[in-house]
Amino acid sequence: ETGVTQSPTHLIKTRGQQVTLRCSSQSGHNTVSWYQQALGQGPQFIFQYYREEENGRGNFPPRFSGLQFPNYSSELNVNALELDDSALYLCASSLASGILNEQFFGPGTRLTVL
Amino acid sequence: SQQGEEDPQALSIQEGENATMNCSYKTSINNLQWYRQNSGRGLVHLILIRSNEREKHSGRLRVTLDTSKKSSSLLITASRAADTASYFCATDSNYGQNFVFGPGTRLSVLP
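Protein chains in written order, with this note's numbering: chain A, 1 to 114; chain B, 1 to 111.
Just so you know, these hints were derived from the structure itself, not from any lab. Keep in mind that the hints are not guaranteed to be accurate.
Derived lysine to any residue pairs resembling SDA-like cross-links, with alpha carbons at most 25 Å apart [to be verified]:
#, chain 1, residue 1, chain 2, residue 2
1, B, K26, A, N55
2, B, K56, A, E102
3, B, K26, A, N59
4, B, K26, A, A38
5, B, K56, B, L46
6, B, K56, A, T2
7, B, K56, A, L95
8, B, K69, A, Q6
9, B, K70, A, G58
10, B, K26, A, T2
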């Protein structure tokens, strides 16, 4: 157990809908990163939040957006869902931004888009 | 594009045997990490090796890093059925703010 929690565990949506996924970081961590993992693939970096500001973004369209709150928990929002958005969404928290800091992953949210 | 590529894509061995997985990457790195993932669940951090290190050990795990060949290997000795999982290497990206994962090696340890 890493202390990183995500909700919900599973989610089913239809194409065109919007979804919000939530992540609570490990105590003391001020950085949260979000990853998308398609079936049989490695995680792909979506974006990172550090002290409530976006601090780096991967190759994902603007309909993927996020928030980080003062308690460092975070949300991932996806608008206009597409079938290819079906994936496991992972969040990871770390003590600080930067690649020298170990990331602790949550159990993920499995999103299915029909 | 993916920075790291694991090899082989899938590996099946008997309990007690050693398992070796390899990771190749394209650009220079600051560190490389190995993770384990059971059945589509969260990732578990195994080992971090920095670019100035050549080898690290943790229990039954041994990781090597060859920066001249841009490659790393993960050795699991005396494998157990519980080691059955997908294993990923992750390297820091050009932007330095996140890790880039390869597609993973699916390891099956048969009892």
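Do the hints match the structure? See the list:
1. Only pairs whose Cα atoms come within 25 Å are accepted, and B:K26 paired with A:N55 is accepted, the gap being roughly 24 Å.
2. Restraint check: the Cα-Cα separation between B:K56 and A:E102 comes to about 16 Å, which is no more than 25 Å; the hinted pair holds.
3. For the hint pairing B:K26 with A:N59, the CA-to-CA distance comes to about 18 Å; that is within 25 Å, so the pair holds.
4. A hinted pair counts as satisfied when its Cα atoms are at most 25 Å apart, and B:K26 with A:A38 qualifies at roughly 22 Å.
5. Between the alpha carbons of B:K56 and B:L46 the distance comes to roughly 11 Å, so the proposed pair stays at or under 25 Å and holds.
6. Of the pairs offered as hints, the one joining B:K56 and A:T2 holds, with about 22 Å between alpha carbons and a cut-off of 25 Å not exceeded.
7. A hinted pair counts as satisfied when its Cα atoms are at most 25 Å apart, and B:K56 with A:L95 qualifies at roughly 23 Å.
8. Taking the CA atoms of B:K69 and A:Q6, the gap is about 38 Å. The hint is violated against a cut of 25 Å.
9. Distance hint between B:K70 and A:G58 is fulfilled; the C-alpha atoms sit about 23 Å from each other, no more than 25 Å.
10. Distance restraint check for B:K26 and A:T2: the Cα-Cα separation of roughly 30 Å exceeds the 25 Å cut-off, and the hinted pair is therefore not satisfied.
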